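Top to bottom, those sequences are chains A and B. Residue numbering for the first sequence follows full-length UniProt numbering, starting at 1 and increasing by one per position. Residue numbering for the second sequence follows full-length UniProt numbering, starting at 1 and increasing by one per position.
Any given hint could be a false lead.
[Claimed, not checked] Here are the computed lysine-lysine pairs in the DSS-like style, where the Cα-Cα straight-line distance is at most 30 Å:
1) Lys46(B) with Lys225(A)
2) Lys105(B) with Lys171(A)
3) Lys160(B) with Lys225(A)
4) Lys225(A) with Lys111(A)
Since the hints were derived computationally from the structure, they do not count as laboratory data. This structure is a prediction, so every number in the text was calculated from the model and none was measured.
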Amino acid sequence: MAEDALETRGRQVTRSNLARSEQFNGWAFVMPALVLLGIFMVYPILWSLWMSFQVGRGMNFSFGGLANIIRLTQDPVFLRALSNTMLFLAVQVPIMLILALLCASALNDSKLWGRGFFRTAIFLPCVTSLVAYAVVFKSMFAQDGILNQMLMGLNFISGPIPWFSDPFWAKAVIISAITWRWTGYNMIFYLAAMQNIDRSIYEAARIDGVPAWARFWYITVPMLKPVILFTTVISTIGTLQLFDEPNLLTQGGPSDSTLTLSMYIYNLSFRFMPSFGYAATVSYVIVVLVGILSFLQFLAARDRRR
Amino acid sequence: MSNPIALLGRTAQYVLLSFAAFISIFPFFWMAVGATNTSPDIVRGKATPGSALLTNIVTFFTSEDLPRVLFNSFFIAGVGTVLTLLVSSLAGYGFEIFRSRVREKVFGGMLLMLSIPFAALMIPLFVMMANLKLINTYQAIILPTVASIFIIFYFRQATKAFPTELRDAARIDGLKEWQIFLHVYMPVMRSTYAAATIIVFMTHWNNYLWPLIVLQTNDMKVLTLVVASLTSAYNPNYGTVMVGAIVATLPTLVIFFLLQRRFVEGMLGAVK
């Protein structure tokens, strides 16, 4: 009996040693990342939350309470940037994700000829450097540029479209540029997920005479729900932070018609007389929007699953 | 193919894919042709090769201290990619292999932070770098991007497919945890690393907004800043900028084609 007790204790000691070493290793492996995230993410987030209640120019701050939030509601440039950003989001994200889904399901066919070529070609845009494709798009969309010539040659339009000087077309340029770049990226996520769907489900549906569109809508889409949700959230975050494309293609113009929230934050902090407190408030608008929209998207995905 | 509906579907499939592929590739073609044409020809929509290639190359490579700029870009992207892969894969592995209730909560909190836009961090980061006297240094560009929540998440997902038997066998052989990571996990997961390399290198190489804020002198400039400033000139010399665009695109293209096969495998592993 004494021996038994001793043995049990011995086992407990080794087990707690093991548990302790698991704990130690667990923290050791994640610590470098956590330290860096603490310094370069958590601290700045808290700092900018505090900043958003400060008013003043340059590095002189004083506590302003809700002054910045009141300023938001009366700032026509902010409201402009907000509505532009929301418009980009509402138009661009659905177009891009639907295109990506269509391309992925067209590619998810082992009998397709030239499958590797199509996959690589459609994915290629997201490998390019942003500044490189900005200049390419800028020259293609020029007044006498290749695009207007093609459209006129095909008799789609009678005169050249003023891509960059008309507010509507400037937005269209931005939307097509982002869609061009990121459709293939999202497609790869869908394609990878599709290849995990059991082929026999499709075979069974085909034998039962289920048409292709119904197989897509009732098998593929529900099976991909988690990935669709993931890409929707990622794209929403990306579009709400949109900066590079408008900054390089249109500089926010004409007359602020392509100004985004991120560009406005940049302008407020680094272009005009720095107003960090107010800029931080605008950046929290993005945080709140991302939070609300991600929450709604999760809700929508959960509801339909039931 | 006797069924007319199946034939129609097949045709639609090819039409869609050919159209998408054409749209995707055309700008690359445009970029290559543009580099051989003069600026007025490009803006006029000339789609045939011209004879200005040499002039464009010379103008581009003498417009700035290009060797220095290229070194900056490669150094930042190279060091940044290695550090990001190391730190983030360690964390992804750690979160998945050594489970604890506290770390699960930390991980959940991290995923929430994924939704924080860079715009919200930009100002505090800038002030922080200014206080640390790091403005206009390599560290200021590299350090904030090394712990990537997205890549940590990606590695954690991929680690779920890492066979437990391998780890058990390595433990019985007396390997320490860090040795298992270095000598077993990393070689086994090379597809995952390949996919992550493409994504991480691309983000570092293409980074534009943060360098625009932090790098201030000409000798520290990266390629994206140089090409961007040539582009946003009131009357840009498109031929020259096209050469710049090609130089800025080539490294990511090369990496992509080298790692492409593994890339698709790696993505498959993460989505499973």
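* Which numbered hints turn out to be false for this structure? -> 1, 2
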